[in-house]
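Starting from the given sequences, assemble the full structure and let the hints guide the process.
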Amino acid sequence: MILAVLDDLLFTSKIRATAAHLGVSVTFARSATAALDAMRANAPALVILDLNNPRIDPLGTIATMNADPVLAHIPTVGFVSHVQADVIEAARRAGVGEVMARSAFAARLPDILLRRSSSEA
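Anchor point for the sequence shown: position 110 equals 112 in our numbering, and the numbering is continuous, going up by one each time.
Wrong hints could be hidden among the right ones.
Claimed, not checked - Ranges of calculated distance between the beta carbons of each label pair, as one might list FRET restraints:
{"no.": "1", "residue 1": "Arg18", "residue 2": "Asn44", "range": "13 to 23 Å"}
{"no.": "2", "residue 1": "Thr14", "residue 2": "Asp39", "range": "12 to 22 Å"}
{"no.": "3", "residue 1": "His23", "residue 2": "Arg95", "range": "27 to 37 Å"}
{"no.": "4", "residue 1": "Ser83", "residue 2": "Arg32", "range": "16 to 26 Å"}
Calculated from the structure, these hints are not laboratory results.
Small disclaimer: the values here were computed from a predicted structure and weren't measured.
Glycine included, C-beta positions come from ideal geometry on N, C-alpha and C.
What follows is the structure, given as structure tokens:
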């Protein structure tokens, strides 16, 4: 299972449609609390974070994950507007595994989902 932490309708729809097409299981969380609860209930193969959404506190979520030995090993991918160099750098410093522009994330989404879902098998 892959966990996507976002509330952007466009990216939620894109991830949901791509996952359905590929037969990959994706669960969605719309808040940091819901995301952390979902991770603790069933450790995902990957956590996808919308780094542009302050309501989900993506860097705080990463900090909480890194401080918890049960969650610290979970791979993460964050997507962000390519013009926000400060957010990109902050995400890398916080420990987001892969940080990429929104356009790159959208283009690579099938590969990202397949790569991580196959690591569950």
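Verification of the supplied hints:
| no. | hint | in the structure |
| --- | --- | --- |
| 1 | Arg18 with Asn44: 13 to 23 Å | 18 Å, holds |
| 2 | Thr14 with Asp39: 12 to 22 Å | 19 Å, holds |
| 3 | His23 with Arg95: 27 to 37 Å | 35 Å, holds |
| 4 | Ser83 with Arg32: 16 to 26 Å | 20 Å, holds |
Hint compliance for this structure: no hint is broken.
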